[in-house]
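Generate the whole structure from the sequences, applying the supplied hints.
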Amino acid sequence: MNKYKVRRYITNFITLIILSLFSLVIVYPVYFAVISSIKAPAEYVVNKTGLPQNPTLDNFAKVLTQMSMFKFMLNTFILVGFSMVLYFLVCTAAGFTFGKLRFKGRLTAFTFILFIQIFPQMVIAGQIYQLISKMGLLNTHLGLILVWVAYFAPFGTYIMTTYYSTIPKSLIESARIDGAGVIQQLFKIMIPIAKPMIGTLLIIGALAMWHELPFSMLILQRLQLRTLTLGIALMQGEYGLPIPVLAAAILVTVGFPLLLYIIFQNYITMGSVAGSVKG
Amino acid sequence: MKTKLKQEAKDGWILLSPLLLLTFIFLLYPVVSNFYFSLTKWKGVGKPVFIGFENYKTLFKDERFYRSLKNLGVLVLYIPLGVLTPLVIANTLRKGFRGWKLYRVLLYLPNILGPVILGTIFSVILSQIGPVTDLLTKLGVKNAQEIYILGKSASAINSLAFIFVIWMRVGFGCIYFLSAMSSIDASLYDAAKIDGTNAWQDFIHITLPSIRFSIEFFTVLAFIEVFARMYGIIFTLTGGGPGYATYTLEYGVYMISFSAYQKGYASAWSVILFFFCAAIALIQIRLIKKGENN
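Residue numbers (the working numbering), protein chains in the order written: chain A, 1 to 279; chain B, 1 to 294.
No wet-lab data here; the hints were simulated from the structure.
All of these numbers come straight from a predicted model, not from anything done at the bench.
It cannot be assumed that every hint is accurate.
Claimed, not checked - Covered by chain A, per the in silico footprint, the following chain B stretches (three or more residues, Cβ under 8 Å):
| no. | stretch |
| --- | --- |
| 1 | 46-57 |
| 2 | 64-76 |
| 3 | 142-153 |
| 4 | 174-185 |
| 5 | 268-279 |
Beta carbons: idealized from backbone N, C-alpha and C, even for Gly.
Following this line, the structure appears as structure tokens:
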């Protein structure tokens, strides 16, 4: 028994070290971004790793006012907000169908959805650009919303399908007897009972859209329309941009997701495995 | 009965129509039309000119294509470690581990920050004049500037692979495997204890077989990430360089299509990438169907 305990301590100790090393790789970059963002650009040049001697919020003022980050934030909220509404409706409707209704062609359609969701954005980006231009939706938020929902809804549908397939069918049967049409069944029964999974669906979708780069890069070419993520990605290449300013912009970009994560961390981490774990 | 089935089919197609409409227009059409455009010379404006298999001939002579395949090979070689690391950690955590909740918050953080932010921060930290070089110099390392790991081919692709395939996936992997392990029947371990097995034997003979589906699924997800979800991090971390050291097929499509405006040629790259992704998708679909039947 004693030997067992010793071995247990050793394994736990090794695990602790590995976990700490991996954590350090994330803690340091975040720490670096935070301390850099409150240094004056001139101070950063001579003091890259130490704590700031004269902390300042000038960089934040600069990115929010002069560098349009505030506008980018607004754009992101509008884009993600509207996309989420559409995404939510598309995914729950399709998830309900695949999970609960039985008809010819259902399996083919489901397999198609599973198949099509894998392709990288780059494989379709070229043609999407052409399509969006032809539709006259280039440099519009609507264009990006449609593309985002189309690209991310298949995975969301898959998550909802796995959830709905565990719901007893008797629920719909009784609604049918009451004469409820399929749209009513969706809104009156299927959406309310799926509440826990819908939280996960929305988090996965919102994060994916918040982080999305290639489509926004192609469709939103005017500076005033950019999202936060796109703003950061293109900012890095700008000549002579001081690191502290970039760090402030990074913190502005991750602020909102980080806040949500701090509040809902248990829910988010556990929800992330929903729909894909099986023993 | 028959009218009920008909009703169900009608309902089903009504509810599916938004999803199918969007995916047909914005996913299926672009994926399929690539095949046609890969046979043309086209700059993105004007009419595409049909040139047969010329693009493919160019592609098979293109140094960037072989570099991309080689880099994908390096990334794929990291996948076993990317699967094993969280698997082994989760196995230790399974028996309870004080402090795991804190580590979980930290290890999952990369998923919240996202590839573009991570790539940007790391490119600053690891840059030649960045804090890491600074720190090494302070610690007394001579010529710390020459270490510059993103500036050399071999270390650049290996850093990218470590960051993307192992480190970014460890948190999700631990949560994923822990959740799968929690559904294993505890009596299996109790029975093994009576037989006097050790932890290693338990891991090999009980844990691994019980969560086989999850391990396979996680591995397939890793392949998807490597072949189809790396654009954001490559763009921000290395820009594909130095030279073509961190090109992948996905990144090559971007460079050729949007930096060089050779849309027809980029489509040929896309078609090759299509076949890799289609193969992974078919494996994933088979797994999902197998999982449903169990």
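Here is how each hint holds up against the structure:
Residues of the stretch 46-57 of chain B with a Cβ under 8 Å from some Cβ of chain A number 0, which does not satisfy the need for three, so the listed coverage is violated. Taking a C-beta to C-beta cut-off of 8 Å, the stretch 64-76 of chain B contributes 0 residues in contact with chain A, too few for the three needed, and the coverage statement is violated. Under a criterion of three residues with beta carbons nearer than 8 Å to beta carbons of chain A, the stated coverage of the stretch 142-153 of chain B fails, only 0 such residues being counted. Remark: the stretch 174-185 of chain B is confirmed as covered by chain A, as 6 of its residues place a Cβ nearer than 8 Å to a Cβ of that chain, reaching the required three.
Counting residues of the stretch 268-279 of chain B whose beta carbon lies closer than 8 Å to any beta carbon of chain A gives 5, which meets the minimum of three for the stated coverage.
The structure is inconsistent with the numbered hints 1, 2, 3, although it conforms to all the rest.
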